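Peer 1: Protein chains in written order, with my numbering: chain A, 1 to 111; chain B, 1 to 229; chain C, 1 to 553.
Derived from the structure by calculation, the hints contain no laboratory data. The model shown is predicted, which means the values in this text are computed figures rather than measured ones. Don't take each hint at face value.
Calculated lysine-lysine pairs in the BS3-like style (CA-CA distance at most 27 Å, straight line) [said to hold, decoys possible]:
id : chain 1 : residue 1 : chain 2 : residue 2
1  : C       : Lys-302   : B       : Lys-130
2  : C       : Lys-331   : C       : Lys-302
3  : B       : Lys-130   : A       : Lys-62
4  : A       : Lys-62    : B       : Lys-184
5  : C       : Lys-246   : B       : Lys-130
Which chain C residues face chain B? A few, computed with CB under 7 Å, are given here [claimed, not checked]:
id : residue
6  : Leu-254
7  : Thr-258
8  : Val-260
9  : Glu-261
10 : Thr-264
11 : Tyr-293
Distance ranges between label pairs, derived from CB positions [unchecked claim]:
id : chain 1 : residue 1 : chain 2 : residue 2 : range
12 : C       : Glu-196   : B       : Pro-215   : 18 to 26 Å
13 : B       : Pro-49    : C       : Arg-289   : 44 to 52 Å
14 : C       : Gly-480   : A       : Ser-34    : 26 to 34 Å
15 : C       : Glu-268   : B       : Glu-77    : 58 to 66 Å
16 : B       : His-96    : C       : Thr-210   : 52 to 60 Å
17 : C       : Leu-523   : A       : Ala-111   : 18 to 26 Å
18 : C       : Glu-273   : A       : Ala-14    : 58 to 66 Å
Every residue gets a Cβ at the ideal spot worked out from N, C-alpha and C, and that includes glycine.
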Amino acid sequence: MSAPIQKSAAKTRAATQVVTGNRLTDGVVVYLDSAGGWSERLNDARVVEGAEALEAALAAGKAAEAAQVVVEAYPIDVKREPDGLRALRVREDIRARGPSVRVDLERPLGA
Amino acid sequence: MTPPVAATTAVQAFDDIEILDRPGAAPQPARSRDHLRRVPDPEPATSRPDPEGPLWRNGRFETDEWTMTAEDEAVGEGPAILPLERFLAERDGLGHRNAPLGVLVAAGESLSELIPHLTRVTLVVLSFPKFSDGRSMSTARLLRERHGFGGEIRATGDVLIDQMPLMRRCGVDSFDVQNPVTRKQLAAGKWPDVPFYLQPVGSSQQDEVAAGKRPWARRRAEAPRQAAE
Amino acid sequence: MYRYDEFDHDFVRARVAQFADQVERRLSGELTEDQFKPLRLMNGVYLQLHAYMLRIAVPYGTLSAKQMRMLAQIARKYDRGYGHFTTRQNLQFNWPALKDVPAILADLASVEMHALQTSGNCIRNVTSDHFAGAAADEVADPRPYAEILRQWSSIHPEFSFLPRKFKLCVIAAEHDRAAMQTHDIGLQLKRNAEGELGFAVFVGGGQGRTPMIAHKVRDFLPEEDLLAYVEAIMRVYNLHGRRDNKFKARIKILVHETGVEEITRQIEAEFAEVLKADLLRLPEDEIDRIRAYFAAPELAEKPARSGAFEAAKADSREFTAFAENNVSPHKAPGYGIVTVSLKPIGGIPGDASAEQMEVVADLAERYSQSEIRVSHEQNLVLPHVALDDMPALYATLAEHGLATGNAGLVTDIIACPGLDYCALANARSINIAQDLSNRFGSPERQEEIGELSIKISGCINACGHHHVGHIGLLGVDKRGEEVYQITLGGSADETAAVGTLVGPGFKTDEVGDAVETVVDTYLKLREGPDENFLAAVRRLGQKPFKEALYGAA
């Protein structure tokens, strides 16, 4: 059985993070956005810096779990690049973009 | 069809699954379970219905008249449960008691030393340390099927509703239910069983009848609703 | 094939109704994820990286054309137009929405399928030889016994909360095509000196973190005692298997720590008691009744040699490769068993599109008595094809990318979904399989290399069977980077063996070269084309491969 939360949280150490989870109804990857909603696109994510901001974002994640919006909200490391955000771990990069072996199923990252 | 415990085991109204009631499927007698040994009154007479009681038994919550004997405590006057090891150590000194005796068997604990003294016991409590720990399922079956234990077998520990129908087929007839969600669901009449079985167990605490041509297929007999009184 | 009777239908319908209720309670918030997770797993629903995943049981790898069509329909309606056949002979959909799962299960139930016990610490889908019922070398069809075990293990009250998952495999030939000795219980159907059917029983095989080959605990178990003996093994395991550490909870560890002799004694003692209760003896007429479902199809009599088949071979190199590698001997003269490769060069091992599923269903109806098999090697099988029909069958397969003549060759790679899909994975598997397939893809090179199995797992759980690959690759995560360890000399057949780690791992862009180095070393050192890779590794040991990969020490 998977334990994605612990796996990812333990390795969180970059300066910037976003909070992600899978949507309850269909399992689709979503990110907490600035408006407090959940977007399918990584570039819509609310980027947090520092322990306090992360805590607040995680609290929003917990609330979304309780409200049956997402399953297992957890933080991931991201980096700002010229063309947008990039998830640092391979696993999260694949979650953001879709399976690397199916370009036809690639997910848009958003503007 | 003389399941000895069925007389006291009421079957709930299984409202959640209705496909049971097929016309024309006349119940066939399942294998007899009269090999189960008679024991002294398996149920302390004072046990009574109580929605707040800890035990799910006879299709309802009941009070628990038994006392779990703590490690440094003397065995009390009333119905008393002792951990297996202590029961074995003190059994000679317990001969004078009139009140019923129960034994707590931990998950995976061997029954071999208890078996010769099983006739002195009216209750065996089996622990389920986690819902995912199925060792006591085997122990319950062995008690009923192999050793003919006809007394009460009680599940305690992490007892959740989704395991309860399986526990009952393995021989458990009372449940110490602490989990609030499970309590709520039981009270609401839920019993998440798939009432078609592919294992001919000799331990089930509900009436089961042979189903179809296969020698190992069973289905639940019609619920004797009046028995819930 | 087995057909559900009214009881089976009632059983599966009740289970679907039960799970539909649980899904509703989850979506409404009555159940938390923690409460729901064990329930969904019992119904084959995982939450993976991108979405939920539904694992559907294909009992002992046998499918009808009708069932395959339903899988295609589900792929289109509820998924993204494809599915993935697994090393457990099952099918996984990668994208179903949770809210749709009850409807999918109802559709499956309508064609006598389900997703029961495809996860969780219970008795999983019973696997078998994918050539069962057709193979020239089998003693009898093993599937009736697999079906009996499937039924008996379904929602077993005593054995649904085992220390860990539990896998059974039944085969019926000396040549093991189903990796039987890597299962928790392996059963080999055989005849004794009196000609009676029974089983050699193997216990304690498994892959994962601590790979082990199963030990034989019984040389001959009468067929009527099949369930009684399996129950005895299960009970010993349920009561005594370790529950303190999930990595040591499989029966292989219990066998290892208890000792084969002692565990055999315990099993036999328990078996003697189970026999006394006399609840599980299989009546002969019941075995016959189940066996009747699997009666060999009535095939029109044919001469052993087919002119059309031979002519097509003379005509085309591709067809010759297909005929030599993908057509296996059938019981009946003039017929062959066709392996439909799901390993196109550069493709994703085990994936099939909805359209391909329908093509295979059509072909099964036209040429193979409506029967299809799924192999643990992640290919499909059409078990009863007349040699005369092979050219036409081949032509249709080729139109749909299903005619790659590479069964058993270096590009017939087993790979788990890996980090592209799986929440447990540490590294990708599919991209490595694709790279290797492209490197070795030319027909000439494959023929030159001959029989060679490469198996790739993206984590230590070993769904890609890397331990028993002639060449095994295990993906690990080294400080955020995907690294692949190479093992050599594993085998999944009757000479089952766990491969040996050859040395430090290789990065994604190095591992292809490393495997080529291993293969080139074999080609250089083999005694001739008759000495296949495995035989050469067994003769040569690791040393020459080590030196080729890492330089002389």
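Peer 1: Does each hint fit the structure? Answer for all of them.
Peer 2: Hint check:
1. Distance hint between Lys-302 (chain C) and Lys-130 (chain B) is unfulfilled; the C-alpha atoms sit about 61 Å from each other, more than 27 Å.
2. Proposed proximity of Lys-331 (chain C) and Lys-302 (chain C) is supported: the alpha carbons are some 12 Å apart, at most 27 Å.
3. For the hint linking Lys-130 (chain B) to Lys-62 (chain A), the alpha-carbon distance of about 26 Å falls within 27 Å, and the restraint holds.
4. Straight-line distance between C-alpha atoms of Lys-62 (chain A) and Lys-184 (chain B) comes to about 25 Å, which keeps the hinted pair within the 27 Å bound.
5. Proximity of Lys-246 (chain C) to Lys-130 (chain B) is assessed by CA-CA distance (about 14 Å); at most 27 Å being required, the pair is judged to hold.
6. Contact between Leu-254 (chain C) and chain B, as hinted, is not supported at the beta carbon level, the nearest pair being about 12 Å apart and thus beyond 7 Å.
7. At a threshold of 7 Å, the smallest CB-CB gap from Thr-258 (chain C) to chain B is about 14 Å, leaving the interface hint violated.
8. For Val-260 (chain C), the interface hint is violated, the least distance from its beta-carbon to any beta-carbon of chain B being 22 Å, above 7 Å.
9. For Glu-261 (chain C), the suggested interface contact is broken, since its CB lies about 20 Å from the closest CB of chain B, more than 7 Å.
10. Look at Thr-264 (chain C): its Cβ only gets to about 19 Å from chain B, farther than 7 Å, so that hint breaks.
11. With a cut of 7 Å, the hint placing Tyr-293 (chain C) at the interface with chain B is violated, because the nearest CB-to-CB distance is about 12 Å.
12. Distance hint check: the CB atoms of Glu-196 (chain C) and Pro-215 (chain B) are about 20 Å apart, consistent with the given range 18 to 26 Å.
13. A hinted range of 44 to 52 Å for the beta carbons of Pro-49 (chain B) and Arg-289 (chain C) is consistent with their spacing of about 47 Å.
14. For the hinted restraint 26 to 34 Å between Gly-480 (chain C) and Ser-34 (chain A), the CB-CB distance of approximately 28 Å keeps it satisfied.
15. Between Glu-268 (chain C) and Glu-77 (chain B) the beta carbons are some 46 Å apart, a value that contradicts the proposed interval 58 to 66 Å.
16. The given range of 52 to 60 Å is respected by His-96 (chain B) and Thr-210 (chain C), whose C-beta atoms sit roughly 53 Å from each other.
17. A hinted range of 18 to 26 Å is violated for the C-beta pair Leu-523 (chain C) and Ala-111 (chain A), which are about 52 Å apart.
18. Our hint of 58 to 66 Å for Glu-273 (chain C) and Ala-14 (chain A) holds, since their Cβ atoms are close to 60 Å apart.
Going through the hint list in order, the structure does not satisfy hints 1, 6, 7, 8, 9, 10, 11, 15 and 17.
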